[in-house]
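With the hints as constraints, model all of the structure from the sequences given.
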Amino acid sequence: GDSVTQMEGPVTLSEEAFLTINCTYTATGYPSLFWYVQYPGEGLQLLLKATKADDKGSNKGFEATYRKETTSFHLEKGSVQVSDSAVYFCALPNYGGSQGNLIFGKGTKLSVKP
Amino acid sequence: DTEVTQTPKHLVMGMTNKKSLKCEQHMGHRAMYWYKQKAKKPPELMFVYSYEKLSINESVPSRFSPECPNSSLLNLHLHALQPEDSALYLCASSQVSSSYEQYFGPGTRLTVT
Numbered sequence: 004g005d006s007v008t009q010m011e012g013p014v015t016l017s018e019e020a021f022l023t024i025n026c027t028y029t030a031t032g033y034p035s036l037f038w039y040v041q042y043p044g045e046g047l048q049l050l051l052k053a054t055k056a057d058d059k060g061s062n063k064g065f066e067a068t069y070r071k072e073t074t075s076f077h078l079e080k081g082s083v084q085v086s087d088s089a090v091y092f093c094a095l096p097n098y099g100g101s102q103g104n105l106i107f108g109k110g111t112k113l114s115v116k117p
Numbered sequence: 031d032t033e034v035t036q037t038p039k040h041l042v043m044g045m046t047n048k049k050s051l052k053c054e055q056h057m058g059h060r061a062m063y064w065y066k067q068k069a070k071k072p073p074e075l076m077f078v079y080s081y082e083k084l085s086i087n088e089s090v091p092s093r094f095s096p097e098c099p100n101s102s103l104l105n106l107h108l109h110a111l112q113p114e115d116s117a118l119y120l121c122a123s124s125q126v127s128s129s130y131e132q133y134f135g136p137g138t139r140l141t142v143t
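Chains C and E are the protein sequences, given in the same order. In this note's numbering, each residue carries its 1-based index in the first sequence increased by 3. In this note's numbering, each residue carries its 1-based index in the second sequence increased by 30.
No lab work stands behind these hints: they were computed from the structure. Some clues are possibly wrong.
Only part of the chain E face toward chain C is listed, based on derived beta-carbon distances under 7 angstroms [as the list claims (entries may be wrong)]:
no., residue
1, Gly58
2, Ala61
3, Leu75
4, Ser127
5, Tyr130
6, Phe134
7, Gly137
Please read all numbers here as calculations on a predicted model, not as lab measurements. Ideal Cβ positions, reconstructed from N, Cα and C, are used throughout, including at glycine.
Written as structure tokens, this is what we have:
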């Protein structure tokens with residue numbers, strides 16, 4: 004079945020460092036891809052999305068490019084801030100299962116130190 | 031208004047209690063969801079309502095009973111829960127269930143004693 008694999012965390016960076024969180028997927032066809040972020044004590048927020056190959060999603064300085072050749076959707080940010088500390092989830096729709104069901108990766112916890 | 035609200039924020043209940051979680055959105059979304067999230071895990075889908083009708087029940091035990099009184103409100107009724115049901119319960123909504131851009135509420139932290 005379809006699946007998402009994220010790099011294991013936690014990831015600890017200093018402020019202004021470059022961030023990459025790897026995400027690869029296994030799916031039939033070309034699904035939409037999402038990054039959700041969960042700040043401490045909060046629900047999830049949609050951070051960015053891409054709906055087709057070579058699309059680049061971007062928001063709040065974060066970017067991710069849909070690479071069908073490598074089935075990847077890595078999250079990047081050029082200069083992280085303490086306020087970016089959160090758990091990041093890569094996700095894709097479960098088209099083969101229940102409508103509305105998202106397949107989430109396990110999540111990557113990011114801690115940014117001042 | 032792109033907000034999904036949930037009440038209460040925290041809930042502690044005994045195994046014989048009956049309680050309800052509430053969720054509200056005013057974005058005109060026609061799909062609403064309940065998720066359960068254990069610590070350090072991704073959310074797990076429990077129920078999906080589409081146009082106020084239950085469309086998906088992901089084999090959730092009957093001690094969890096969802097209700098959608100209208101297009102803006104979603105409840106989750108709890109009865110005879112077990113300690114292992116302690117978790118963060120998240121509500122979400124989307125325009126329709128075929129749109130996977132879901133907006134999440136802040137969650138209710140449930141502890142079953």
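Each hint tested on the structure:
1. Gly58: 17 angstroms, violated
2. Ala61: 6 angstroms, holds
3. Leu75: 5 angstroms, holds
4. Ser127: Given a least distance of 4 angstroms, the restraint on Ser127/E holds.
5. Tyr130: 4 angstroms, holds
6. Phe134: This hint holds: Phe134/E lies near chain C, its Cβ roughly 4 angstroms from the closest one there, short of 7 angstroms.
7. Gly137: 5 angstroms, holds
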